[in-house]
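Protein chains: 2
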Amino acid sequence: MEPRLRMTLAYLGTHFAGWQKQENARTVQGELEKALARLYQKPVPTVGAGRTDAGVHADGQVAHFDPPLAIPPTGVLQALNSFLPWDLRVLQVKPVPASFHARRSAVGKRYRYRLAWGAVLPPWEGLRRLWLPRAPNLELLAAALRMLPGEHDFVRFSLSGHAGRGKRGTVRTLFVATLTAGQGRADMIFEGDGFLRGMVRRLVGAALEIAQGRQELSWLQALMAGEASLPPAPTAPPHGLTLERVFYRRPKRWAKGPQRAQTLRF
Amino acid sequence: MEPRLRMTLAYLGTHFAGWQKQENARTVQGELEKALARLYQKPVPTVGAGRTDAGVHADGQVAHFDPPLAIPPTGVLQALNSFLPWDLRVLQVKPVPASFHARRSAVGKRYRYRLAWGAVLPPWEGLRRLWLPRAPNLELLAAALRMLPGEHDFVRFSLSGHAGRGKRGTVRTLFVATLTAGQGRADMIFEGDGFLRGMVRRLVGAALEIAQGRQELSWLQALMAGEASLPPAPTAPPHGLTLERVFYRRPKRWAKGPQRAQTLRF
Numbered sequence: 001m002e003p004r005l006r007m008t009l010a011y012l013g014t015h016f017a018g019w020q021k022q023e024n025a026r027t028v029q030g031e032l033e034k035a036l037a038r039l040y041q042k043p044v045p046t047v048g049a050g051r052t053d054a055g056v057h058a059d060g061q062v063a064h065f066d067p068p069l070a071i072p073p074t075g076v077l078q079a080l081n082s083f084l085p086w087d088l089r090v091l092q093v094k095p096v097p098a099s100f101h102a103r104r105s106a107v108g109k110r111y112r113y114r115l116a117w118g119a120v121l122p123p124w125e126g127l128r129r130l131w132l133p134r135a136p137n138l139e140l141l142a143a144a145l146r147m148l149p150g151e152h153d154f155v156r157f158s159l160s161g162h163a164g165r166g167k168r169g170t171v172r173t174l175f176v177a178t179l180t181a182g183q184g185r186a187d188m189i190f191e192g193d194g195f196l197r198g199m200v201r202r203l204v205g206a207a208l209e210i211a212q213g214r215q216e217l218s219w220l221q222a223l224m225a226g227e228a229s230l231p232p233a234p235t236a237p238p239h240g241l242t243l244e245r246v247f248y249r250r251p252k253r254w255a256k257g258p259q260r261a262q263t264l265r266f
Numbered sequence: 001m002e003p004r005l006r007m008t009l010a011y012l013g014t015h016f017a018g019w020q021k022q023e024n025a026r027t028v029q030g031e032l033e034k035a036l037a038r039l040y041q042k043p044v045p046t047v048g049a050g051r052t053d054a055g056v057h058a059d060g061q062v063a064h065f066d067p068p069l070a071i072p073p074t075g076v077l078q079a080l081n082s083f084l085p086w087d088l089r090v091l092q093v094k095p096v097p098a099s100f101h102a103r104r105s106a107v108g109k110r111y112r113y114r115l116a117w118g119a120v121l122p123p124w125e126g127l128r129r130l131w132l133p134r135a136p137n138l139e140l141l142a143a144a145l146r147m148l149p150g151e152h153d154f155v156r157f158s159l160s161g162h163a164g165r166g167k168r169g170t171v172r173t174l175f176v177a178t179l180t181a182g183q184g185r186a187d188m189i190f191e192g193d194g195f196l197r198g199m200v201r202r203l204v205g206a207a208l209e210i211a212q213g214r215q216e217l218s219w220l221q222a223l224m225a226g227e228a229s230l231p232p233a234p235t236a237p238p239h240g241l242t243l244e245r246v247f248y249r250r251p252k253r254w255a256k257g258p259q260r261a262q263t264l265r266f
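So the protein lines, in turn, are chains A and B.
In case it helps, full-length UniProt numbering puts the first sequence at residues 1 to 266.
In case it helps, full-length UniProt numbering puts the second sequence at residues 1 to 266.
This is chain A alone, in the form it adopts within the complex:
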């Protein structure tokens, strides 16, 4: 059998109905498997590290497949990129041991959520950044992010129907929640050992409720404590969100445990 291949993928989520293959919808996995079938002349199933939702972007999504033929990785890279639509690119292809599994071997992920306010954004920036009509309060945004790192039951930040799957249930550990801000822009970075479906967008939605003065920090604290009487956090739009990286080894900075959120300036 040919060695398993691991791909790193970048996509603009705008025109995709998310990662997962579906009948009658343009998906990342669907386009990828079409290109693979064209290259190998037979169906080639793929496994992705995680399912990104419709409209969410990636510049470090990972997927693997078992090639039915021996084609050198550089040839696979070039052929796939020539078959794929412009908004989906294969950045890297490399052989991995058969024990590597894009989803099961992953130990965590990093996401970035981009915000802007004030001046109108040029179109290429508006594709991947949420524009707010008014400036958020950055002190409050930072204060909200500081509450997030740690091991928590994120049940109030998950889509219903996804609670309790697997042995971890809805408990996850967030190691990093950082705010970088300046010049009418802010980026929020989240690193953790796993994310529930819709979790990052709900964390951002909750932080924005506070930064825009619609909720108090105590409300976020209650949501973090799993308070069931509260409505769930609102979901921020998908186009601000990018899956930046899938970790297959725990980054050294995680060894110190969950870190207090930092605020940096651009």
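Because the hints were derived from the structure by calculation, they are not lab data.
As the structure is a prediction and not an experimental result, all values here were calculated from the model.
Cβ atoms here follow ideal geometry from the backbone N, Cα and C, with glycine treated the same way.
You can take every hint at face value.
Stretch by stretch, here's where chain A covers chain B in the computed footprint (C-beta under 8 Å, at least three residues):
| no. | stretch |
| --- | --- |
| 1 | 7-16 |
| 2 | 77-90 |
| 3 | 118-129 |
A few chain B positions that, by computed beta-carbon distances, are all more than 12 Å from chain A:
| no. | residue |
| --- | --- |
| 4 | Pro-43 |
| 5 | Pro-95 |
| 6 | Gln-183 |
| 7 | Gln-212 |
| 8 | Glu-227 |
| 9 | Ser-229 |
| 10 | Arg-250 |
| 11 | Leu-264 |
Taking CB as the label site, the calculated pair distances span:
| no. | chain 1 | residue 1 | chain 2 | residue 2 | range |
| --- | --- | --- | --- | --- | --- |
| 12 | A | Gln-78 | B | Ser-229 | 32 to 40 Å |
| 13 | A | Ala-135 | B | Thr-263 | 35 to 43 Å |
| 14 | A | Ala-255 | B | Gln-92 | 44 to 52 Å |
| 15 | B | Arg-249 | A | Thr-263 | 36 to 44 Å |
| 16 | A | Gln-22 | B | Met-1 | 53 to 61 Å |
| 17 | A | Ala-228 | B | Pro-43 | 57 to 65 Å |
Here the structure of chain A is known, so what remains is to put chain B in place on it, guided by the hints.
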């Protein structure tokens, strides 16, 4: 009469057949005038600083119009952006004296051409950057750019049919030609008192012929001297090019005269 309004525009050129209004083609001016007609409930002609070609982007195009009704500039900005397609944004609207004319008052422009090589580009970067299969020779690219600043007859860098229009003919002064390079990317910046149709793309095309070893510097020198026996410089693709700024006052750095091209590192 209501005061003339000046707009600063950003657009992703990918899906536009250039600036200038045409029957049966999606153009920047066409979309803009559709939005203006919707806002003012009557036709509103616009004048742009210059015509960008199909596929060329802008983040500082300038246009003016004479509004038939008094609507505050912030209202015009918001209304137009709500009517316009996502790939065309009005960044600024401000009143100007009636003597202001977007094209005739302009004293120069700045363009940026973006290159990349090596690693595959993520889709949002590939929209505005030309990808080369092999690294260009940056020393030669810089040497080619160093030959460009000054007052020259750029006839060999213009589209046929555009030679000799106006009192300047095909003579233009290029004040700045700078290369910024690093990490598999290079940006070329051009500032001048005017650009012939297709001129920047042909300057880039010529510089790439040299940087990719297909031509010698002496060939560029002969083209710059107007040598008619040579075929014209090849035209670099439009998607790498962005109109960054239209100048209505001469930048102070031009007072020193055309500058030797600099090479900077990212």
